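Enquirer: What follows is each chain in one-letter form.
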Amino acid sequence: MHINLTLLVQMLAFAALIWFTMKFVWPMILGPMQERERRIAQGLAAADRGEEELKQARAGAESIVREARERAGAIIDQAQRRGNEIIEQARAAASQEGQRVLNAAQQQIELEATQAREQLRRQIGEIAVAAASKLLEREIDPRAHEALIDQLAAQI
Amino acid sequence: MAASDSARIGEYVTEHLTYLTNKPQTSLINFTVINYDTVFFSVLLAALFAGSFYWVARRASAGAAGGAPRGFQSFVELIVEWVDSQVKDVFHGSSRLIAPLALTIFCWVYLFNCMDLIPVDLLPDIAKGMGIPHLKVVPSTDLNVVFGLSLTVFILTIFYSFKMKGALGFLAELTLQPFTSKNVFVQALFVPVNFLLESVTQIARPLSLALRLFGNIFAGEMIFVLLALLTLVHGYAALETFSGWGLAIMQLVLTFAWEVFHLLIITIQAFIFMVLTVVYLAMAHEHH
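Residue numbers (the numbering used here), protein chains in the order written: chain Y, 1 to 156; chain D, 1 to 288.
Derived from the structure by calculation, the hints contain no laboratory data.
Just so it is clear, the structure is predicted and the values come from calculations on it, not from any experiment.
Each hint should be verified, as a subset may be incorrect.
Said to hold, decoys possible - Once the Cα atoms are required to be at most 27 Å apart in a straight line, the calculated DSS-like pairs of lysine-lysine come out as:
no.	chain 1	residue 1	chain 2	residue 2
1	Y	Lys23	D	Lys23
2	D	Lys23	D	Lys88
3	D	Lys88	D	Lys165
4	D	Lys182	D	Lys165
5	D	Lys163	Y	Lys23
6	D	Lys182	Y	Lys23
7	D	Lys128	D	Lys23
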């Protein structure tokens with residue numbers, strides 16, 4: 001239990017040790033630690049940011065896909081509608097055309113029937129006249145039957 | 001117990017209280033005497049601390065570009081970070097000194113105290129074998145060491161008080177509180193009282209700081225010495241009797257138990273020394 005020179009030696013050694021720690025140990029350990037801490041924090045922040053971006057991108061992609069799907073549906077609807085329209089139009093055009101062809105054919109038929117009837121009438125008249133003239137060649141008096149023939153010809 | 005036995009016990013205990021000095025010291029204070037053993041072990045432990053931490057510091061700086069810390073480096077970084085957080089809890093200003101000082105104190109005092117865990121007779125007996133008559137291995141059981149630490153801290157406290165507050169500010173802090181008055185004359189009367197109180201406060205700090213550490217570690221060492229006394233007198237001859245075996249086992253168990261408990265004490269004492277140092281220096285930095 002004595003105080004002696006050891007006290008002063010101890011104080012000097014302590015001062016030297018403090019100086020050494022202050023100069024070489026503390027900053028050289030804490031500096032890199034803080035640097036590492038900063039880098040880890042940066043890395044974590046970057047990871048967070050990346051995750052956030054990924055989430056956003058995923059949401060964006062989803063919305064794009066949804067939009068595309070909607071648009072595809074719309075296009076298909078439109079195409080179907082358009083197809084139906086075209087089919088309707090074609091059907092209408094075809095029935096119109098058919099009607100027209102039918103009408104033309106009927107007109108043709110009527111025309112030809114009229115012509116045939118006309119022709120027939122004329123031939124009947126001629127035949128009648130020829131038959132009458134053959135019948136009357138012998139016993140008819142052209143004068144007496146003149147009026148009758150005329151009447152006949154007018155009738156035909 | 002025979003008279004020769006008690007004489008041997010007295011001799012044994014005295015031996016554990018005697019330093020290796022250049023010459024016998026008779027007066028309480030004599031600055032021509034030096035304790036070689038204390039200086040040797042404290043400087044050795046300082047070198048151990050400085051060397052190992054410097055090695056880590058160089059590795060940490062070299063590996064700053066990338067690379068995780070491993071092994072001892074992680075351990076050192078753990079201590080450094082812990083000390084840093086302890087300092088930041090107490091001291092909010094910026095100081096290049098306080099945190100390294102705290103680290104130095106904690107590690108050095110802890111290493112001092114750790115010497116207490118080495119079996120009490122191991123190093124002194126080895127020294128005796130080498131022809132060295134006395135060896136005290138625990139630096140923190142030397143008053144010179146604990147006062148060396150606390151006085152250095154005290155000087156730093158005074159220095160920073162002057163530096164941060166100026167001579168007048170520091171003087172005002174010593175004389176104008178704790179008693180204050182709006183009346184100038186009453187305040188003048190308070191000045192000597194305040195100065196007395198503040199001086200006691202200031203001087204009590206290094207005293208308590210040193211003696212707390214000294215007392216705890218010295219008492220711890222004395223317990224180990226006393227436990228060693230259990231089997232001291234009979235030596236190996238004790239193992240020829242049943243009670244001798246009982247004493248030996250008792251010494252073993254008690255020493256182990258005390259080592260475990262002491263492990264806690266030496267850590268806590270190193271921690272307290274560090275925290276109080278930081279607190280005192282923080283108070284020196286603060287303005288009142």
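Enquirer: Each hint: holds or not?
Expert: Outcome of the hint check:
1. Restraint check for Lys23(Y) and Lys23(D): the C-alpha separation of about 37 Å exceeds 27 Å, so the hint is violated.
2. Between Lys23(D) and Lys88(D) the CA atoms are separated by roughly 46 Å; this puts the pair beyond 27 Å, and the hint is violated.
3. With a C-alpha separation of about 21 Å, the suggested pair Lys88(D) and Lys165(D) falls inside the 27 Å cut-off, and the hint holds.
4. A threshold of 27 Å between alpha carbons decides the hint, and for Lys182(D) with Lys165(D) the separation of about 22 Å falls inside it, so the pair holds.
5. Taking the CA atoms of Lys163(D) and Lys23(Y), the gap is near 21 Å; set against the 27 Å cutoff, the hint holds.
6. Distance check on the hinted pair: Lys182(D) and Lys23(Y) sit about 47 Å apart at the alpha-carbon level, beyond 27 Å; violated.
7. As the CA atoms of Lys128(D) and Lys23(D) are separated by approximately 18 Å, the hinted pair is consistent with the 27 Å bound.
In summary, the numbered hints that this structure violates are 1, 2 and 6.
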